[in-house]
Structures are given as structure tokens and as C-alpha cells.
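Chemist: Sequence:
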Amino acid sequence: MLQDTLPNINKKDINNVKRIILNNLTGKSYTNKLIGLEEQYNTLYDICKKTIETGESNSTLLIGNRGCGKTMIVNKLLDNLDKEYNKDKQTFLTVRLNGLIQSDDRLALKEMIYQLSQEEAMENLNSTSFSEVLSYLLNVLSIGTKTSKPVIIVLDEFDLFTQHNKQTLLYNLFDIAQSNQNPIVVIGLTCQLNVVELLEKRVKSRYSHRQVLCFPPIEIEDFEKIIINSLKIPENNSKINKDYIKKFNTEVDKIFSDESIKTIINRLFDITNNSRNFLKICIEPIYKLSVNQPYPKVNDFLDAYTRQYIDSKTELLKGTSILELCLIIAMKCLLEKHIEVFNFEMIYDEYKKFVQKIEATGNGREIFFKKQVAMKALEHLIAIELVLPTEASGKCPKEYRMMKVLLEPNQITQAVLKHNECPTSIKQWGTRWL
Numbered sequence: 006m007l008q009d010t011l012p013n014i015n016k017k018d019i020n021n022v023k024r025i026i027l028n029n030l031t032g033k034s035y036t037n038k039l040i041g042l043e044e045q046y047n048t049l050y051d052i053c054k055k056t057i058e059t060g061e062s063n064s065t066l067l068i069g070n071r072g073c074g075k076t077m078i079v080n081k082l083l084d085n086l087d088k089e090y091n092k093d094k095q096t097f098l099t100v101r102l103n104g105l106i107q108s109d110d111r112l113a114l115k116e117m118i119y120q121l122s123q124e125e126a127m128e129n130l131n132s133t134s135f136s137e138v139l140s141y142l143l144n145v146l147s148i149g150t151k152t153s154k155p156v157i158i159v160l161d162e163f164d165l166f167t168q169h170n171k172q173t174l175l176y177n178l179f180d181i182a183q184s185n186q187n188p189i190v191v192i193g194l195t196c197q198l199n200v201v202e203l204l205e206k207r208v209k210s211r212y213s214h215r216q217v218l219c220f221p222p223i224e225i226e227d228f229e230k231i232i233i234n235s236l237k238i239p240e241n242n243s244k245i246n247k248d249y250i251k252k253f254n255t256e257v258d259k260i261f262s263d264e265s266i267k268t269i270i271n272r273l274f275d276i277t278n279n280s281r282n283f284l285k286i287c288i289e290p291i292y293k294l295s296v297n298q299p300y301p302k303v304n305d306f307l308d309a310y311t312r313q314y315i316d317s318k319t320e321l322l323k324g325t326s327i328l329e330l331c332l333i334i335a336m337k338c339l340l341e342k343h344i345e346v347f348n349f350e351m352i353y354d355e356y357k358k359f360v361q362k363i364e365a366t367g368n369g370r371e372i373f374f375k376k377q378v379a380m381k382a383l384e385h386l387i388a389i390e391l392v393l394p395t396e397a398s399g400k401c402p403k404e405y406r407m408m409k410v411l412l413e414p415n416q417i418t419q420a421v422l423k424h425n426e427c428p429t430s431i432k433q434w435g436t437r438w439l
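What the sequence shown shows, in my numbering, is residues 6 to 439, in sequence order.
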């Protein structure tokens, strides 16, 4: 038993592991090294370090697709800066705004005041005009010299801030950064590549035009490394049993050497190189960890994938009749012959060929249905939108109306394998290209 080899595993260790890994998976924090984003992290780190140590103000935009790691970089950056400079006393302040939440300048200003703990301005916010409160806050930020306490301002969903009236907030923040009166860094995060073009001329003139570009993993090896790193526990963590950490990380490596897991990773990477799609699958297996099950299991990942990426069309096929399934398989045969549009006669002809082949085994009569019955089955497939007519009915007889199947051959194969009442002969017909 694993508990016999590691007797010191306790509930506290399990809870610490779950907290660390779930934070990694949900993007709240990131304890391990970055994969493919080291250059971007170092650039931002150097900018903030100069502001904190020498009082040099700056502004920059972090641009990249959703899920490529922008927020993860900033979270890790602020966490490391906090450990390095705010350990004994508070050396710098942090303000984080989000364009989805702070939808106008007044809400953004209110949040800035709250995060900067300016109680006096908060009390006067409702009784005075926006311009007066903004002037007060700007005065707090701009008075003094380079020796004043630095402020790092992070603007998430930066492109939404450009939609605010007159872009007053952006103008003033960039103006303070350019004037270099008070040490301040403005970091904007956005997925919109042309965001600079959305800035008004006066705002653009105050912006430093520094941009840091982020890219999702290009190679599947990097994609896999990001996932594995998110599931591993840092070996220098002093709150968790060292032997447990070592064994846990080894078990994670074993999971990702499993062929079924590699198949899922390849499948998701072919769809999109956004690692968040697989990280969502990982949440459930990690949440299941307990003293009785201290390590994640391959089956937990497979079950989570099946639940989250269930194919609705494949599930719908599981409830079809044997005749309807045969017609769908006949369409699959036509697709494999590179015939993508067909009519009932062509489908029924493929179906008859199959029946004739198995008549010698004595099973042909059990699955053979007349044309009228098969036509009714096809009409039901059209009704549930698994088959789509490609032309108007007009005066064309329904046996010759062209149509196409709204399923991929692989989906049909999976449906045949999952169909509970499917005879062996039909199952072999439907999966012959496996």
C-alpha cells in the first residue's frame, strides 16, 4: 500500500497539494517555472525592477491570444516582486483593474482608491465630482519625487478601457508615467493586436509604445510540458512531506507516459494549442485527492475527459434503431469512397451489398428491411438532423433527393462501438477501417 511506504502523508499535506495545484490550474498563481514565456517574464521583471529600485516610470502592453499565459506571467511577476521587495516592509504598491468589471472611469477610480487605501478620497467620492476625485488621486500619485513609493498598475482587458469616455483615465496614467514625477508602471493586458490604434491621439502620445508579445505553444512537447508543470509540486515546498512531493511528481510523469493520455493531448492540441482546455480536465482528478487516494490516476483523467468532451451526435446515435444505424454506416462507406453527397437509392444500395455478404452466415434476413421501411428510418434521421438535404424538394422523387450526413467517419465508428444492441456483424461492418 502507498500509505505503508509513505506513513507521513496526512490530510494537511493533501490539502496543501490540492491548493497549490488547483491554483495553478485555475490561473490564480503559478509556482513552477514558465514554459516558453521566460523572455516575456524577464522583460516585465526588468521594467518593474527599475521602477522599484531607481524610480524609473514606464508603460507597456502585454499582447497575446487568450490562454497564452499573459495573466500567469503577471501573477508570477507580482508574486516574486512581493517576496523580494515587500518581505520586511512594503516597498511598492499594486493596483489591479479589469475592463470587464471597471466598465467606466468612475468605477476604475473607485477601485484604485480602495486598493491604494485612500480612505479620505473614498469618503468624498460620492459627494464630489469625478474630476475632483481624479485630481486628488492624481495629486497623490504625482506629488513628491522619485523616492516616493512606486506603484504598479495592471490593466486587464486593456482594450475595454479604450472604450471609456475620452479615455481620461488612460491619458492621466500614461501622462504620470511619461512625466516621471512619481515612480509608476502601467501594464496593459489585451488579446487585441491593434489595440494601439484604438488609443486617441493625445493618449497615444503619452504611451511609451513598448509592447511584449506572447504566443501559445507551437510544439506539442511544450504544450505537454505546460500541463505537466501545472500538476507538479515545487520540490522546495517546506509545508509538504518531501517524500510525498517526490513520489507525487513521479506519479504525474507516469500518467503522462500513458498512451491514452497522450492520445487525448494530441486530440486537443489538434483542435487548439490553448493548454487551458486540458487543465480544465485536470481539476476533477486533483479535487478527488484524499488520504486514501493521495495520487491522481489515469482513469480519473479519462473519465473527466469523457464527461467534458462528450460528443452529442455520438450520444444521439446510441439511441437509434439497428436499421437507422445501418443506414448511417452505409453513408460512412460512401464517405470513404469520397462521395460526400448522395441519395436514398445510393445509401440503400450500400446497405443491400452488406446484407448480401452476410446472408451466407444466416444473419442476413434478421437485419434486412424493405425500401419503404428504410425510407421511414431515413426520414427520422433527417428529422433529428443527423442527415441534411442539400436541395429543395421540388418535384424530385424523395428517393433521389440529394443529402449529406452531418457526422465524421470517426464519430460513426465511435457510435457503433458504443451502441448496446448492435449485432456483431454490423459492428464489424461499421468499424472495418479501425
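Keep in mind the hints are simulated off the structure, nothing from the lab.
Among the hints, erroneous ones may be present.
[As the list claims (entries may be wrong)] With a Cα cut of at most 30 Å, we get these calculated DSSO-like pairs of lysine-lysine:
hint, residue 1, residue 2
1, K400, K375
2, K403, K342
3, K400, K362
4, K342, K88
5, K432, K400
[To be verified] The calculated label-pair distances, taken between Cβ atoms and stated as ranges, are:
hint, residue 1, residue 2, range
6, I276, K403, 50 to 56 Å
7, E240, S122, 33 to 39 Å
8, T31, S122, 23 to 29 Å
9, N15, Q433, 50 to 56 Å
10, E289, Q120, 32 to 38 Å
11, L393, E116, 49 to 55 Å
12, S108, N415, 39 to 45 Å
13, D316, K409, 47 to 53 Å
14, E364, M407, 50 to 56 Å
15, K403, S295, 55 to 61 Å
16, E44, E384, 56 to 62 Å
17, M407, D258, 50 to 56 Å
18, L105, K403, 49 to 55 Å
19, N47, K342, 52 to 58 Å
All C-beta atoms in this analysis are idealised placements derived from N, C-alpha and C, irrespective of residue type, glycine included.
Chemist: Each hint should be assessed against the structure and marked as holding or not.
Modeler: Here is what the structure says about each hint:
no. : hint                     : verdict
1   : K400 to K375             : holds, 24 Å
2   : K403 to K342             : holds, 23 Å
3   : K400 to K362             : violated, 35 Å
4   : K342 to K88              : violated, 63 Å
5   : K432 to K400             : violated, 37 Å
6   : I276 to K403: 50 to 56 Å : violated, 37 Å
7   : E240 to S122: 33 to 39 Å : holds, 37 Å
8   : T31 to S122: 23 to 29 Å  : holds, 27 Å
9   : N15 to Q433: 50 to 56 Å  : holds, 53 Å
10  : E289 to Q120: 32 to 38 Å : holds, 34 Å
11  : L393 to E116: 49 to 55 Å : holds, 50 Å
12  : S108 to N415: 39 to 45 Å : holds, 44 Å
13  : D316 to K409: 47 to 53 Å : violated, 18 Å
14  : E364 to M407: 50 to 56 Å : violated, 30 Å
15  : K403 to S295: 55 to 61 Å : holds, 59 Å
16  : E44 to E384: 56 to 62 Å  : holds, 60 Å
17  : M407 to D258: 50 to 56 Å : holds, 53 Å
18  : L105 to K403: 49 to 55 Å : holds, 51 Å
19  : N47 to K342: 52 to 58 Å  : holds, 55 Å
In this structure, the hints that do not hold are numbers 3, 4, 5, 6, 13, 14, in rising order.
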